[in-house]
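Asker: Sequences and hints are given; from them, build the entire structure.
Quick note on numbering: the sequence shown equals residues 1 to 692 in the working numbering.
Careful: at least some of the hints might be erroneous.
DSS-like, lysine-lysine: derived pairs with alpha carbons at most 27 angstroms apart [said to hold, decoys possible]: (1) 251 with 267; (2) 396 with 250; (3) 127 with 76; (4) 18 with 76.
Honestly, the hints are just simulated from the structure, not real lab data.
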Amino acid sequence: MAKYLVIVESPAKVKTIKKFLGPNYEVAASNGHVRDMPKSQLGIDIENDYEPKYITIRGKGDILANLRKEVKKAEKIYLATDPDREGEAISWHLTKALKLEDKKVYRITFNEITKNAVKESLKNARKVDMDLVDAQQARRVLDRMVGYRISPVLWAKVKRGLSAGRVQSVALRIICDREDEINAFIPEEYWTLDALLHVPGEKKPLAAKYYGTAEGKVNISSEKELNDIIKALKGARYEVAEVKKGERTKKAPLPFTTSTLQQEASKVLNFSTQKTMRLAQQLYEGVDIKGNGTVGIITYLRTDSTRVSEEAERQAREYIDSVYGSQYAAVAANEKKVSQKIQDAHEAIRPTDIVRTPFEMKDSLSRDQFRLYQLIWKRFAASRMNPAKYETTSVKIDGNGHRFTVAASKVIFDGFMSVYTEEEEKEESNTLIKGIDKDTKLEFEAFDYKQHFTQPAPHYTEASLVRSLEELGIGRPSTYAPTITTILARRYVVKENKNLYVTELGEVVNNMMKEAFPSIVDVNFTANMEVLLDGVEEGSVKWKSIVSNFYPDLEEAVQKAEKELEHVKIADEVSDEVCEVCGKQMVIKYGPHGRFLACPGFPECRNTKPYLEKIGISCPKCGKDIVLKKTKKGRKYYGCVGNPECDFMVWQKPSEIKCEKCGSLMLEKGNKLVCSDENCGHVMNRPNNPQN
Numbered sequence: 001m002a003k004y005l006v007i008v009e010s011p012a013k014v015k016t017i018k019k020f021l022g023p024n025y026e027v028a029a030s031n032g033h034v035r036d037m038p039k040s041q042l043g044i045d046i047e048n049d050y051e052p053k054y055i056t057i058r059g060k061g062d063i064l065a066n067l068r069k070e071v072k073k074a075e076k077i078y079l080a081t082d083p084d085r086e087g088e089a090i091s092w093h094l095t096k097a098l099k100l101e102d103k104k105v106y107r108i109t110f111n112e113i114t115k116n117a118v119k120e121s122l123k124n125a126r127k128v129d130m131d132l133v134d135a136q137q138a139r140r141v142l143d144r145m146v147g148y149r150i151s152p153v154l155w156a157k158v159k160r161g162l163s164a165g166r167v168q169s170v171a172l173r174i175i176c177d178r179e180d181e182i183n184a185f186i187p188e189e190y191w192t193l194d195a196l197l198h199v200p201g202e203k204k205p206l207a208a209k210y211y212g213t214a215e216g217k218v219n220i221s222s223e224k225e226l227n228d229i230i231k232a233l234k235g236a237r238y239e240v241a242e243v244k245k246g247e248r249t250k251k252a253p254l255p256f257t258t259s260t261l262q263q264e265a266s267k268v269l270n271f272s273t274q275k276t277m278r279l280a281q282q283l284y285e286g287v288d289i290k291g292n293g294t295v296g297i298i299t300y301l302r303t304d305s306t307r308v309s310e311e312a313e314r315q316a317r318e319y320i321d322s323v324y325g326s327q328y329a330a331v332a333a334n335e336k337k338v339s340q341k342i343q344d345a346h347e348a349i350r351p352t353d354i355v356r357t358p359f360e361m362k363d364s365l366s367r368d369q370f371r372l373y374q375l376i377w378k379r380f381a382a383s384r385m386n387p388a389k390y391e392t393t394s395v396k397i398d399g400n401g402h403r404f405t406v407a408a409s410k411v412i413f414d415g416f417m418s419v420y421t422e423e424e425e426k427e428e429s430n431t432l433i434k435g436i437d438k439d440t441k442l443e444f445e446a447f448d449y450k451q452h453f454t455q456p457a458p459h460y461t462e463a464s465l466v467r468s469l470e471e472l473g474i475g476r477p478s479t480y481a482p483t484i485t486t487i488l489a490r491r492y493v494v495k496e497n498k499n500l501y502v503t504e505l506g507e508v509v510n511n512m513m514k515e516a517f518p519s520i521v522d523v524n525f526t527a528n529m530e531v532l533l534d535g536v537e538e539g540s541v542k543w544k545s546i547v548s549n550f551y552p553d554l555e556e557a558v559q560k561a562e563k564e565l566e567h568v569k570i571a572d573e574v575s576d577e578v579c580e581v582c583g584k585q586m587v588i589k590y591g592p593h594g595r596f597l598a599c600p601g602f603p604e605c606r607n608t609k610p611y612l613e614k615i616g617i618s619c620p621k622c623g624k625d626i627v628l629k630k631t632k633k634g635r636k637y638y639g640c641v642g643n644p645e646c647d648f649m650v651w652q653k654p655s656e657i658k659c660e661k662c663g664s665l666m667l668e669k670g671n672k673l674v675c676s677d678e679n680c681g682h683v684m685n686r687p688n689n690p691q692n
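Answerer: Structure representation (structure tokens):
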């Protein structure tokens with residue numbers, strides 16, 4: 001009969017861990033959280049020092065009853081929930097729900113589900129760390145206060161079903177700010193100029209890029225400037241002024257953290273953050289390997305540390321040495337220096353055994369599991385290898401006082417790149433300029449020039465949003481995926497071709513949050529709150545002091561918003577469309593997918609049709625009305641009402657003012673008007689009182 005009980009979170013771990021521990025141990029799962037604050041109320045006793053009210057989560061009664069039976073039989077109980085703040089809090093909740101105060105209870109953690117790691121954790125059993133528990137309680141209580149006090153304001157002022165969140169609302173603000181930046185961006189013209197020069201003995205001409213003069217770089221910002229340079233170079237002799245050879249190294253990448261794994265999986269595998277975390281959880285909890293049974297093949301997936309254990313370091317070095325050669329194995333550990341506290345002294349995300357190559361694991365994994373495991377394995381192997389080395393050549397070519405340059409590089413030692421190449425690196429030039437020296441005679445063949453316009457900052461993708469949240473210190477590894485999932489599910493943001501776009505609903509909610517709750521959506525305020533919460537974890541800050549300082553200001557802002565915020569009527573404007581069923585003027589309503597026209601005679605008349613908002617400007621192609629439309633996913637654009645016969649569309653709002661240079665439509669961008677014809681590029685200030 002088993003003497004010891006081990007309680008884990010996930011049922012997927014039970015079989016694996018039982019196999020490692022043998023017959024003296026019983027292993028049971030809590031299926032995640034067992035207690036939480038009630039859904040029907042705030043669940044925090046404001047009058048009683050902000051004490052949370054915890055109840056058993058609905059549906060967990062049977063699980064707890066079974067755990068209580070196992071507890072009665074056991075001499076010792078080991079709480080083996082996940083090795084982070086949330087896992088620590090679940091262990092604490094289990095001690096309360098199962099009334100374990102008088103029992104022999106120990107907390108164990110392991111960073112990987114392998115036999116050695118699990119057995120080692122039993123030797124290092126400890127008490128539940130109340131600083132970690134309090135850090136999690138503080139987060140949970142703050143999030144509950146923001147969600148339960150602000151969301152009803154949004155329901156009352158906009159529509160039911162909306163929500164606000166401590167991290168979610170800041171993420172929305174960041175996306176909205178980028179959208180505003182893109183809409184206000186004014187493209188600036190610039191030109192590039194290449195001189196195509198014949199090198200003796202070479203079939204292809206050498207393309208030398210215009211740099212400026214020997215004194216410094218010169219930017220070509222208009223066609224006139226370009227023509228002046230070409231004129232000055234007429235009949236010029238092109239001579240090699242300098243040939244400089246050198247060497248540069250490219251450092252191996254760091255092993256993955258939660259954030260960098262989500263970013264790279266998005267870029268390389270086109271996985272959403274949610275999908276990446278789901279697959280990583282499966283690889284961590286264990287997969288059935290032929291001949292070995294169920295084993296966890298990667299380390300814990302929620303981490304912002306790049307640290308690697310000494311044993312894994314040694315094993316990686318031995319593997320690289322034997323498979324690739326001693327010249328590839330790095331001697332010094334490659335680790336990120338960080339200013340902020342690393343969460344829970346975790347390790348980086350890595351394979352639990354580097355000898356399990358992706359090739360060997362392929363038959364044991366699904367296609368997507370394999371692709372993610374391969375990415376993690378290659379990144380970790382590369383992080384333990386020496387830098388790549390390049391031979392570089394740069395050539396300066398002068399003609400009539402103007403300077404052109406050519407640069408090239410060639411890999412002379414591939415180092416870590418023998419295993420892992422990042423997306424950007426794949427475009428690196430590896431062509432060596434052969435046989436060029438100061439005496440090389442160059443013959444001019446032709447100029448190659450192009451007009452360009454500067455581009456605005458790109459729209460956020462899931463990957464770049466995660467990177468921004470991490471850089472700004474907002475949220476923690478476990479929050480990135482659920483935050484993005486929430487703002488997509490609420491339809492504040494839509495995703496098209498990886499890009500995130502704000503919907504009209506998202507704009508309304510963001511503007512309301514900025515007006516009524518500026519500190520909640522303030523990036524610096526939220527980042528400082530994270531620092532305070534880390535202080536709770538370190539034991540230097542009391543969690544209730546954070547909560548008691550935060551709540552009165554929040555409550556004051558809520559009460560003020562309830563009185564002063566105007567209702568946003570995104571629905572029920574009367575349109576100029578007549579209902580063809582009953583003859584009434586149709587009204588504009590707002591549904592989950594945006595505006596639509598509905599008959600006000602509902603429920604007697606249920607006629608609806610798409611809403612097309614006219615902007616009072618005619619289509620330049622066919623003369624019909626231009627209307628405000630939305631893509632299937634909710635992104636706004638302006639198109640012809642005659643679609644699909646007429647395909648006119650633009651992303652920015654057209655102005656009634658025409659371009660004075662070419663006569664095309666002008667588009668509104670902030671306080672400027674920009675010509676819709678990119679080849680024209682004319683920009684002018686918007687009138688003070690535009691009539692559009």
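Asker: None of the hints should be skipped; say for each whether it holds.
Answerer: Each hint, compared with the structure:
Of the pairs offered as hints, the one joining residue 251 and residue 267 holds, with about 20 angstroms between alpha carbons and a cut-off of 27 angstroms not exceeded. Distance check on the hinted pair: residue 396 and residue 250 sit about 24 angstroms apart at the alpha-carbon level, within 27 angstroms; holds. Proposed proximity of residue 127 and residue 76 is supported: the alpha carbons are some 13 angstroms apart, at most 27 angstroms. Between residue 18 and residue 76 the CA atoms are separated by roughly 16 angstroms; this keeps the pair inside 27 angstroms, and the hint holds.
Hint compliance for this structure: no hint is broken.
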